[in-house]
Amino acid sequence: MGEPQVQTSKSSLDFSNEFYQNTPNSKLINQILKLNKSSKNPLLAMLYGSQKKQSDLDIFLIYDIPVEKKYFYKQL
Amino acid sequence: MIFLLKKNIFINNYDLNQIEINNFYFKLFNRDIEYTEPLLTGNYFFGDKKILKQSKDFLQNKNPEKEIYDYLGKRSIETFLQAENFYSSGKNDLFNKLAISGESLSSVKDKIFKNNFNFDSEIINKSLSILTYSLSYLASIKRYQNGERTITINQILNNPINDIEKQFFSLRDYFKSCSKGEKKLSFNKIDTYFNETKFLLRRNI
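Top line first, the protein sequences correspond to chains H and U. Residue numbers for the first sequence follow the numbering used here, so the first one is 7 and each next one is one higher. Residue numbers for the second sequence follow the numbering used here, so the first one is 25 and each next one is one higher.
Derived by calculation from the structure, the hints in this document are not laboratory data. You may find that some hints are simply not true.
To be verified - Part of the chain H face toward chain U, derived, beta carbon under 8 Å: (1) I35; (2) P48; (3) L49; (4) L50; (5) L53; (6) D64; (7) F66; (8) L67; (9) I68; (10) Y69; (11) D70; (12) I71; (13) P72; (14) V73; (15) K75.
Where a beta carbon is used, it is the ideal one built from N, C-alpha and C, also for glycine.
Can you build the whole structure from these sequences, using the hints too?
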């Protein structure tokens, strides 16, 4: 059985639901959320980079709340 | 009060790269490799799969617009300047360490201004990492102009097709080896990488 389809709106994801709590990654997800000190959950998270042991774990996160723009960006 | 998330968080072996969704769509439209790389090479972790699917569909099925070359060119210059800043900070940090450790003026002078000093520096490694971004933006312009729709770091590393990509390959190999402690940094080598990258930027943008 594949992963359940996650129905989301842009506003928030419910991380208390069964999908997030039962996934093997739920512990890591909770750690990330604590690291970020944000009450808002990401819309999407991707793992990338080498993902080797002893390497840092690269995680790409998209939010619908303001994120600092360090670099060149479109003036909205 | 508006809560502003940091763009990057690096803690406990987690390297978080974060973006607000409208800014993400802007970066996606411009095929910014910092953001296309996780989408094209990463593994879904959690969240809305629709965003991932739509984003990948866009990259794989739409031709790049011509205006992205302006964006990517500016990003390659911007990251070059950021790399220079980090390099300068790293040299200052190194000087401070040498001076504080009680080295003689003559020794400090030789180490900072002569090219045979080998050393480790996390800040200068970071500057070289950023310099690879400058080259990757430049490389991606050329590849998009040649009709490619999706570009990943591994595609460039596995088959460097021009001077820009060969420089990217060499620089990445150098700074990765230095980061792992397999090689030492040297001003001579670093200055050469900066000069060659500046030459490539001037010639190709």
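With a cut-off of 8 Å on the beta carbons, see whether L49 of chain H makes it to chain U.
Since the shortest Cβ distance to chain U is 5 Å, the answer is holds.
Was the hint right that V73 of chain H lines chain U, CB cutoff 8 Å?
4 Å, holds
Would the hint on I68 of chain H be counted as holding, given a Cβ-Cβ threshold of 8 Å to chain U?
Holds, because the Cβ-Cβ distance from I68 of chain H to chain U comes to roughly 5 Å (cut-off 8 Å).
Interface hint outcome for F66 of chain H [beta carbon to chain U under 8 Å]
4 Å, holds
Does I71 of chain H pass the interface check with chain U, least Cβ-Cβ distance below 8 Å?
7 Å, holds
Would the hint on P48 of chain H be counted as holding, given a Cβ-Cβ threshold of 8 Å to chain U?
Check passed: Cβ of P48 of chain H comes within 6 Å of chain U, closer than 8 Å.
Per-residue hint verdict: L67 of chain H, partner chain U, C-beta under 8 Å:
5 Å, holds
Answer holds if the nearest beta-carbon of chain U is closer than 8 Å to that of L53 of chain H; otherwise answer violated.
5 Å, holds
Does Y69 of chain H pass the interface hint, meaning its C-beta sits closer than 8 Å to a C-beta of chain U?
6 Å, holds
Quick one, is the D70 of chain H hint okay against chain U at 8 Å, beta carbons?
Holds. Min distance 5 Å.
Regarding the hint that P72 of chain H lies at the interface with chain U, is the smallest CB-CB distance below 8 Å?
5 Å, holds
Chain U contact restraint on D64 of chain H - CB to CB distance below 8 Å:
5 Å, holds
When the structure is compared with the earlier hints, no violation turns up for any of them.
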